[in-house]
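If you read the protein sequences in the order shown, they are chains A and B.
Take any residue in the first sequence, count from 1 to its spot, add 811: that is its number in the working numbering.
Take any residue in the second sequence, count from 1 to its spot, add 811: that is its number in the working numbering.
Hints in this document: simulated from the structure, not taken from any laboratory.
Treat the hints loosely; a few may be bogus.
No copy labels: a pair is met if it fits in one copy or bridges any two.
To be verified - Here are the simulated DSBU-like cross-link-like pairs (lysine-lysine), alpha carbons at most 35 Å apart as the crow flies:
(1) K1319 - K1204
(2) K1244 - K813
(3) K1244 - K949
(4) K816 - K1123
(5) K1242 - K1319
(6) K813 - K949
(7) K914 - K1096
(8) K1293 - K938
(9) K1319 - K1096
(10) K938 - K1296
(11) K1244 - K1357
(12) K938 - K987
(13) K938 - K949
(14) K816 - K938
(15) K949 - K914
(16) K816 - K1244
(17) K934 - K1293
(18) K1346 - K1374
(19) K1239 - K1204
(20) K816 - K949
(21) K1123 - K914
(22) K1061 - K1346
(23) K1357 - K938
(24) K1293 - K1239
(25) K1244 - K1374
(26) K949 - K1362
(27) K934 - K949
(28) K1296 - K1239
(29) K987 - K816
In this text the structure is predicted, and so the values were computed from the model without any measurement.
There are 2 protein chains.
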Amino acid sequence: MKMEKVVGERFRERPADCVIDSHALMVRGGYMKYVGNGIYSQFGPLRRICRKIEGIIREEMDRIEGQEVQFPVAMPASLWEESGRYESVGSELLRFTDRNGSKMVLGMTHEEASVQLVREYGKSYAKYPFMIYQIQTKFRDEARPRAGLIRVREFTMKDAYSFHTSQEDLEEYYQKCYHAYERIFARAGIPETIAVASDSGMMGGSLSHEFMLLTPVGEDSIAVCPECGFRANVEMAESITENVQDDVQKELELVYTPDMHTIEDVCGYLDMPKERSCKAVVYQKNSDDGFVVLFIRGDLDVNETKVTNFLKSEIRPAEITQESGLHPGFIGPFGLKGDFTVLYDNSLKSGMNLSCGGNIEEHHYTGLCMERDCPGAEYHDLAKITEGSVCPKCGRHSIRVSRGIEVGNIFQLGTKYTESMGMQYLDKDGKEKYPLMGCYGIGIGRLAASVCEAHHDEYGPIWPMAIAPWQVHLCCVRPDNKEVKEFADKLYEELQGRGVEVLYDDRKVSAGVMFSDADLMGVPIRVIASPRNMKEGCCEIVTRDKQVQKKIVLTDVVSEIMKMILCADKE
Amino acid sequence: MKMEKVVGERFRERPADCVIDSHALMVRGGYMKYVGNGIYSQFGPLRRICRKIEGIIREEMDRIEGQEVQFPVAMPASLWEESGRYESVGSELLRFTDRNGSKMVLGMTHEEASVQLVREYGKSYAKYPFMIYQIQTKFRDEARPRAGLIRVREFTMKDAYSFHTSQEDLEEYYQKCYHAYERIFARAGIPETIAVASDSGMMGGSLSHEFMLLTPVGEDSIAVCPECGFRANVEMAESITENVQDDVQKELELVYTPDMHTIEDVCGYLDMPKERSCKAVVYQKNSDDGFVVLFIRGDLDVNETKVTNFLKSEIRPAEITQESGLHPGFIGPFGLKGDFTVLYDNSLKSGMNLSCGGNIEEHHYTGLCMERDCPGAEYHDLAKITEGSVCPKCGRHSIRVSRGIEVGNIFQLGTKYTESMGMQYLDKDGKEKYPLMGCYGIGIGRLAASVCEAHHDEYGPIWPMAIAPWQVHLCCVRPDNKEVKEFADKLYEELQGRGVEVLYDDRKVSAGVMFSDADLMGVPIRVIASPRNMKEGCCEIVTRDKQVQKKIVLTDVVSEIMKMILCADKE
Chain A
812 MKMEKVVGER
822 FRERPADCVI
832 DSHALMVRGG
842 YMKYVGNGIY
852 SQFGPLRRIC
862 RKIEGIIREE
872 MDRIEGQEVQ
882 FPVAMPASLW
892 EESGRYESVG
902 SELLRFTDRN
912 GSKMVLGMTH
922 EEASVQLVRE
932 YGKSYAKYPF
942 MIYQIQTKFR
952 DEARPRAGLI
962 RVREFTMKDA
972 YSFHTSQEDL
982 EEYYQKCYHA
992 YERIFARAGI
1002 PETIAVASDS
1012 GMMGGSLSHE
1022 FMLLTPVGED
1032 SIAVCPECGF
1042 RANVEMAESI
1052 TENVQDDVQK
1062 ELELVYTPDM
1072 HTIEDVCGYL
1082 DMPKERSCKA
1092 VVYQKNSDDG
1102 FVVLFIRGDL
1112 DVNETKVTNF
1122 LKSEIRPAEI
1132 TQESGLHPGF
1142 IGPFGLKGDF
1152 TVLYDNSLKS
1162 GMNLSCGGNI
1172 EEHHYTGLCM
1182 ERDCPGAEYH
1192 DLAKITEGSV
1202 CPKCGRHSIR
1212 VSRGIEVGNI
1222 FQLGTKYTES
1232 MGMQYLDKDG
1242 KEKYPLMGCY
1252 GIGIGRLAAS
1262 VCEAHHDEYG
1272 PIWPMAIAPW
1282 QVHLCCVRPD
1292 NKEVKEFADK
1302 LYEELQGRGV
1312 EVLYDDRKVS
1322 AGVMFSDADL
1332 MGVPIRVIAS
1342 PRNMKEGCCE
1352 IVTRDKQVQK
1362 KIVLTDVVSE
1372 IMKMILCADK
1382 E
Chain B
812 MKMEKVVGER
822 FRERPADCVI
832 DSHALMVRGG
842 YMKYVGNGIY
852 SQFGPLRRIC
862 RKIEGIIREE
872 MDRIEGQEVQ
882 FPVAMPASLW
892 EESGRYESVG
902 SELLRFTDRN
912 GSKMVLGMTH
922 EEASVQLVRE
932 YGKSYAKYPF
942 MIYQIQTKFR
952 DEARPRAGLI
962 RVREFTMKDA
972 YSFHTSQEDL
982 EEYYQKCYHA
992 YERIFARAGI
1002 PETIAVASDS
1012 GMMGGSLSHE
1022 FMLLTPVGED
1032 SIAVCPECGF
1042 RANVEMAESI
1052 TENVQDDVQK
1062 ELELVYTPDM
1072 HTIEDVCGYL
1082 DMPKERSCKA
1092 VVYQKNSDDG
1102 FVVLFIRGDL
1112 DVNETKVTNF
1122 LKSEIRPAEI
1132 TQESGLHPGF
1142 IGPFGLKGDF
1152 TVLYDNSLKS
1162 GMNLSCGGNI
1172 EEHHYTGLCM
1182 ERDCPGAEYH
1192 DLAKITEGSV
1202 CPKCGRHSIR
1212 VSRGIEVGNI
1222 FQLGTKYTES
1232 MGMQYLDKDG
1242 KEKYPLMGCY
1252 GIGIGRLAAS
1262 VCEAHHDEYG
1272 PIWPMAIAPW
1282 QVHLCCVRPD
1292 NKEVKEFADK
1302 LYEELQGRGV
1312 EVLYDDRKVS
1322 AGVMFSDADL
1332 MGVPIRVIAS
1342 PRNMKEGCCE
1352 IVTRDKQVQK
1362 KIVLTDVVSE
1372 IMKMILCADK
1382 E
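Only chain A is shown next, with the shape it has when bound in the complex (with noise of 0.2 Å):
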């Protein structure tokens, strides 16, 4: 393809709203463009690449006995009053009603459309097990949508559902699975992705797992464990602490704590370590608006992911009335009254001669032992694991927090979505019974971003041969040089004659916009015919990542090109 043909602008300048680099670099290179919030068009060459990668895709989930399928991305509501998630998932799930007032949902997962398309064809054992993935548009109305491709509103899915007659049997699929992950994100460009043990969240089941990229600008937090190899999302790793244990337990105090109101303030005044503090964080459930008053010791703070499975209700941070009896700032739970849901982390266990608030206004306690103070309490694992905590898998004080993108998430579902929705089949033992699934995802944009964050440079992207949009970059310096432009048309010409994706840059454009151009292209191999390069006889072949630049002879330059390719496929 001719260069100056590639619909879509380019840009010198990083665009002010861009946060991270992938998303300047692909609106600056002219990838994508910004609908609305959330909502991107796609130029030809992020289409492009996308392909590549929905075709790696399609191999590997063949490769595992994967069929793939079609189903709407809008769907009747009942399909979602079915499985009880209409009722459950909170503003992300698009609710509307058509023109005849039916209520439907736009689609942003498909668990209940999977369930439904193959609720009669599994009704013996015989069936199964078997594997159904579609490459489809979803829907999810993110409050927040940021950084580009990363976090969208509407975005392509590689979505798969399997179907299984036994726990073992999901489990032997999900192995097949994972390694499916593992070879994906390889091929694609990105085998540093790990995988961590994750929150299965609005999915439901039991075990699931999130493929992360490992980069500073990631939105997830990891725990990863250097010592023994543990790793998991934040939002779900354990948290485990320990308190000191004093000789003595020291009497409550009332103290008289004027204006403070942080735990900051009143440990500095009473002049004890965080840890020594219990502090309260206060909800309220949107379920039922009902306020939700939790302890935590001070230095620690609330996951409201475990909080929120914990509580089966969606959380907000509570907006405390006058009436609510809760004096913000001085809420302890020593003689505290009212209609709350109390909660402890299990960081308070045996905590002794804490502060905490008195429950009156600028008022604190010194002195809190938990087992006396508070007898009936029950403890839950609720607080964000953090760095140098303890890891929950060797005990060590190891734990290590970075940040990651999540590409690909995989999820044992068990009978969930089959019980709910009345899917069964007839087993050898001539029983009844529902069938386990598992569901596997990947965002084909946002890991088509992610390989940009994690292959770029200041100048542009610099994008792996597999998924890249063209193979060969072509610049036909000074086009206006006879010789030159008869050389680069030659080789355009024999290089598409073998089925080489050439990107031909031969517009009389100086050498600087050509290869700044070509920069933001991102092409892995760049070949440069230019008037100095052929009076040597020869032409220059750099690839983007700047690891090769070599002047090869005119006559040997289809060979090389060739083999690069072929090196670069096998790698």
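With chain A's structure known, arrange chain B on it following the hints.
Structure of chain B alone, referenced to chain A:
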């Protein structure tokens, strides 16, 4: 792929709710499943067919310099407000609000999105012409989905948009696309598709063509003149009529016509042919609910598309109230009083001595002479062309009306969208101008269904090689016979090794079940290995269309199949 692994149910019985064969066969064969009104999921075989169709379309679009891009399915309403279509398009356009209350639409077509994508790119004449296309999900909230994939609410469509700096250039490209469409339909297996002039409808623009597959089950009516080759959708074909001219103008005479509400009643009673009567048809405009009284010759029908275009408003049959002053069954042009839009069809021009309503209950006039009695009337082409009508091109009474399925359409849009959305380019002469657009659509699923409609027998679809879900259907009859099974297994491996797509049926079922399932899968080449054949040292090869049925010695089977595939691909 093994037949026993194909996910999907097959049925012997024709489903009661299927009105056309392609729908019935594609449900019976496990190609698709009903999800909701006009919404279907696709099983693997249909997905394979659609992907092949998409591949053919991509090749042909790339061949005319198209670049594949992608627009969003869900778009901000503001885009459609810019073009004015947010207001002008009816309830087929699905409007909704997102979680933040922002107005959005589901894309039913993407003229607005295409202009938004290239508005900045196309600022210089040097960038033109260019064409962008996508293959993407669309949603059209049809009032009456029907006939399986022929008229659905959600569908996948290839839609292309071209941009030009002159009408000549647009026309030249339009011709290119016209021929690309002919190639696409021929390659997909329906070379008999014909192009007909069509109404541009809500797209706007001057010239458009629909590509029609003629079939009695089609929902469009097409006027064809076998004499001169004239072809047009009945919706837009000009209706030409001639009126008998009597020597004498009779006087208007009010006649008592009790209980006669229809043209048939009145003409029978007065003993006059229907073409000597003036019929009234009453509509209401959707835009302002105003009444529209349309007069037309009694033997003709109103073409509501023409009326809609003339009024620039959708219309509906009127609900005539007492207050309107209209007397249903007795409405005539003479002495009609009230606040109506009154329209006259061309067929009444120079009409003489006609009967018509008397605008009094139970009375009609005779002797109506249009020029004398309705001196101010303006006449427009508002009637439907019918079988035997005058051909608007050659003037003979030769029109035949056929039914057809619209499998594609192409439009010359002119500057309708570029003007309304403010897309301009700087021309060579230094002036800002609006580019001209063309747009070009093909529905993938509808095309698949149309091919099935064109090529099937009572037992199943007969898929052409180019879009068949598999190329070869290998039937291993009696897999319990070791010799047969070993041969079939080896053939399966060998064909796959050569890149042939094989559906392999080695289930322990009767030959009858195996063959009837194979008929439903519609794979073009069927290879039968059975104990009887094996004894004769040969295999049977049968084509799905029953044109070929031959025995081939075992050693020649692979080469024979390869030859047959090659020949089919060349067709």
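Results for each hint:
no., hint, verdict
1, K1319 - K1204, "neither (62 Å within a copy, 51 Å between copies)"
2, K1244 - K813, "between (59 Å within a copy, 26 Å between copies)"
3, K1244 - K949, "within (31 Å within a copy, 38 Å between copies)"
4, K816 - K1123, "neither (54 Å within a copy, 39 Å between copies)"
5, K1242 - K1319, "between (75 Å within a copy, 24 Å between copies)"
6, K813 - K949, "both (33 Å within a copy, 31 Å between copies)"
7, K914 - K1096, "both (26 Å within a copy, 28 Å between copies)"
8, K1293 - K938, "between (66 Å within a copy, 24 Å between copies)"
9, K1319 - K1096, "neither (64 Å within a copy, 57 Å between copies)"
10, K938 - K1296, "between (61 Å within a copy, 21 Å between copies)"
11, K1244 - K1357, "neither (59 Å within a copy, 43 Å between copies)"
12, K938 - K987, "within (19 Å within a copy, 49 Å between copies)"
13, K938 - K949, "both (29 Å within a copy, 33 Å between copies)"
14, K816 - K938, "between (51 Å within a copy, 7 Å between copies)"
15, K949 - K914, "both (18 Å within a copy, 18 Å between copies)"
16, K816 - K1244, "between (58 Å within a copy, 21 Å between copies)"
17, K934 - K1293, "between (71 Å within a copy, 30 Å between copies)"
18, K1346 - K1374, "within (25 Å within a copy, 51 Å between copies)"
19, K1239 - K1204, "neither (40 Å within a copy, 71 Å between copies)"
20, K816 - K949, "both (31 Å within a copy, 28 Å between copies)"
21, K1123 - K914, "both (25 Å within a copy, 31 Å between copies)"
22, K1061 - K1346, "neither (91 Å within a copy, 98 Å between copies)"
23, K1357 - K938, "between (52 Å within a copy, 31 Å between copies)"
24, K1293 - K1239, "between (77 Å within a copy, 27 Å between copies)"
25, K1244 - K1374, "neither (55 Å within a copy, 48 Å between copies)"
26, K949 - K1362, "neither (47 Å within a copy, 50 Å between copies)"
27, K934 - K949, "both (29 Å within a copy, 33 Å between copies)"
28, K1296 - K1239, "between (72 Å within a copy, 26 Å between copies)"
29, K987 - K816, "between (43 Å within a copy, 18 Å between copies)"
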